[in-house]
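Visitor: So the chains spell out like this:
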Amino acid sequence: MTELLSPAGDLERLKIALLYGADAVYIGGKDYSLRANAKNFSVDEIKEACDFAHNLKKKVYVTVNIVFHDKDLIGLDEYLDKLKNSGVDSVIVSDIVAVTLAISKKIPVILSTQASILNYEAIKFWQSLGVERFVLGREATREDIIRIKRETNANIECFIHGAMCTSISGKCVLSNYTTNRDSNRGGCAQICRWVFKSPDKPDFTLMSKDLNMVDYIEDMINIGVNSFKIEGRMRSVYYVATVINCYRKIIDGLNNHTLTEKEKLYYKNILDRVANRDTVPQFYQKFPGVNESYFQDRMEVSNQDFVGIVLDYDKKNKLVLIEQRNYFKVGDVVEFFGPNMEEYTYTIKEIIDEEGSRIDVARHPMMHVYLPLDIELEKYTMMRLKLFDK
Amino acid sequence: MDFQLVHGKMRNKILITINREEDIKTLKELGINTYVYPLDGFCVGYPNTFLISKIPDNSYILVNRILDNKGIDDLKELINNNLNKIKGIIFDDLGILQIIKDLKMEKILYLSHFNTNKESINIYLDYVDSVIVSTDITKKEIEDIIKFLPDKLTLFVLGYVGAMYSRRHLLDNYAKFHNIPYQNELNITNTNHDFLVMENEYGTYFYHTPLFNGLELLELNTKYYFINSAFLSVQDIKDLLEGTSKLETDTGFLYQETIFKLKGEENND
Chain R
28 MTELLSPAGD LERLKIALLY GADAVYIGGK DYSLRANAKN FSVDEIKEAC DFAHNLKKKV
88 YVTVNIVFHD KDLIGLDEYL DKLKNSGVDS VIVSDIVAVT LAISKKIPVI LSTQASILNY
148 EAIKFWQSLG VERFVLGREA TREDIIRIKR ETNANIECFI HGAMCTSISG KCVLSNYTTN
208 RDSNRGGCAQ ICRWVFKSPD KPDFTLMSKD LNMVDYIEDM INIGVNSFKI EGRMRSVYYV
268 ATVINCYRKI IDGLNNHTLT EKEKLYYKNI LDRVANRDTV PQFYQKFPGV NESYFQDRME
328 VSNQDFVGIV LDYDKKNKLV LIEQRNYFKV GDVVEFFGPN MEEYTYTIKE IIDEEGSRID
388 VARHPMMHVY LPLDIELEKY TMMRLKLFDK
Chain E
643 MDFQLVHGKM RNKILITINR EEDIKTLKEL GINTYVYPLD GFCVGYPNTF LISKIPDNSY
703 ILVNRILDNK GIDDLKELIN NNLNKIKGII FDDLGILQII KDLKMEKILY LSHFNTNKES
763 INIYLDYVDS VIVSTDITKK EIEDIIKFLP DKLTLFVLGY VGAMYSRRHL LDNYAKFHNI
823 PYQNELNITN TNHDFLVMEN EYGTYFYHTP LFNGLELLEL NTKYYFINSA FLSVQDIKDL
883 LEGTSKLETD TGFLYQETIF KLKGEENND
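Chains as they are written, first to last, in this note's numbering: chain R, 28 to 417; chain E, 643 to 911.
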């Protein structure tokens, strides 16, 4: 079965990802991770993450994927020991010093996309060192993946959703030159989303649209991709829940032959809506052209679809306790989605505040309110505005 | 720095990329005798590349593309059919290492932005003859690595340095979107940061400008010194080496250490 691999920026998002159907999560520690300014996990939190995941028979991978300078090596040996003792299932690395050190400690190694792997001979080199899994460069085409599988029988992880580097990963230091922030040690300032001037010419931009592989998931399963990776360790709980929920349903629907075209369109619409940029397939079937990039300034939109998260359910009084995340009111048609449930459409007839008073609007961020509901909902179920029919 | 003084000691240690065969005469006069030919079909960011048939026997070639399966197959065939041509190869993709590991040729690994620490370089030296040290680290860091690995390294000392390599055809798409004539080179700027962009069928390559002048690294004794002559004339090279050039240069990160954690966000848990 193809693994669904989710990002998680902190413990809450890790739990959400796993509960919503991810088979594994990848996280960053406080050091050595390419999202240096994300919240990230302490060693104690990594242990807690592993315990939580393993109880669900799921996995945790930890990124140790910076390009090391000499001084960064101080403490790496001990850190890898701590990761091993915490129970991590693999480390994601790109620098050969981290690869060989992890392998010497018998920690399974996933070669990061930072290593820019696009051919089978490169895989063979890393296999000779003992690397077990490979995150291919996002530039890998369908034919590249098929050939690599045929020549190496490697365990292959491919990105299927989220932001794209314009550069081949690991081959960009625009950030270093423009902001003095080292992109290969987690300081990337996303210079590929800047607008550049050129004498007597239109503004030059190089920003890519995001990746969305819904239309090719079935094909990627068939050609033997081992793990479907979602980008975004700095994304919100709602984003993680939504994307993982959609892909879980798509993959399961394909595996048990129940996914209809209408359902696929529904999930595509949901995924398009949750992204703040347009999403398209990129290199898989054709070379990216004009349609796969932006040529004006940032075209990013955010929406207020995510209106609440379930904290508890009162069986006796049939009330669901919601933490507000965006404005909603009586009369709104919303949709609940969560672990172990089909999407459930609901028209808000009544909102009750924590003092027991009826109110018309939940307008305050993070306020707690009750909604009368006949079906029992689990903690972490999400409530969003209903926009699409399934 | 008195290049002429260092020149005598270092002349056989400089590897320089070639733009035109006819430049060699001048380079010889400068005491530079080892020329690296950017291999046609296997390079990005080089306005002048050379078909293997045009490269003299016993030469050094440069392959800086990240190769897909077809690329690695094509290169494998080219190398096997032209072993007499290739004395040495400077390369980036580790798939190339896999195909040349048992061949008798000098192997110099240029992993662009990797090779920033002594341990990694030392590991790669089990497989190759030399490693080009990243230009993303400071002179102090380079010195520390040389102390650990004397006589094994190649230092990038002069020329435009790559800042980004995309597989996409960014200039072609840009021309198509704006309906303007296609040009495969473009100078771009944002907040006083300038880049020279060049595209070919294998991707788009960004060079940082001004060009990097690290000739002071010639004082550090090691195996080779690398000069990238892309977008430079042989006269430019001569002037730069003799210290008479009026071209704007900088020292890259030799004296400017990069950061990667922002202040105030280190303890955000």
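Hint data in this document are derived by calculation from the structure and do not stem from the laboratory.
One or more of the hints may lead you astray.
Unchecked claim - Calculated pairs, DSBU-like style, for lysine-lysine (alpha carbon to alpha carbon, straight line, at most 35 Å):
1. R/K313 / E/K789
2. R/K345 / R/K291
3. R/K356 / R/K313
4. R/K176 / E/K718
5. E/K789 / E/K729
6. E/K818 / R/K133
7. E/K794 / E/K880
8. E/K782 / R/K313
9. E/K749 / E/K729
10. R/K236 / E/K789
11. R/K133 / R/K176
12. E/K729 / R/K111
To be verified - Label-pair ranges, simulated between beta-carbon atoms:
13. R/I402 / E/N832: 51 to 57 Å
14. R/N207 / E/N726: 27 to 33 Å
15. R/D416 / E/K712: 41 to 47 Å
16. R/N330 / E/K818: 50 to 56 Å
17. E/K712 / R/D246: 18 to 24 Å
18. R/I250 / E/D768: 31 to 37 Å
19. R/R169 / E/K789: 21 to 27 Å
20. E/S875 / R/I250: 38 to 44 Å
21. R/N207 / E/K818: 31 to 37 Å
22. E/E748 / R/I101: 53 to 59 Å
23. R/Y371 / E/N821: 58 to 64 Å
24. E/K818 / R/R169: 23 to 29 Å
What the hints assert, rightly or not - To be clear about the criterion: a stretch of chain E counts as covered by chain R if any three or more of its residues have a C-beta under 8 Å from a C-beta of chain R, and this derived list gives those stretches:
25. 738 to 747
26. 757 to 763
27. 867 to 876
28. 881 to 887
Note that the coordinates shown come from a computational prediction; the quantities given were computed from them, not determined experimentally.
Here a beta-carbon is modelled for each residue, glycine too, at the ideal position from N, C-alpha and C.
Visitor: Hint by hint, which ones does the structure fall short of?
Guide: 1, 3, 6, 8, 10, 12, 14, 16, 19, 20, 22, 23, 27 and 28
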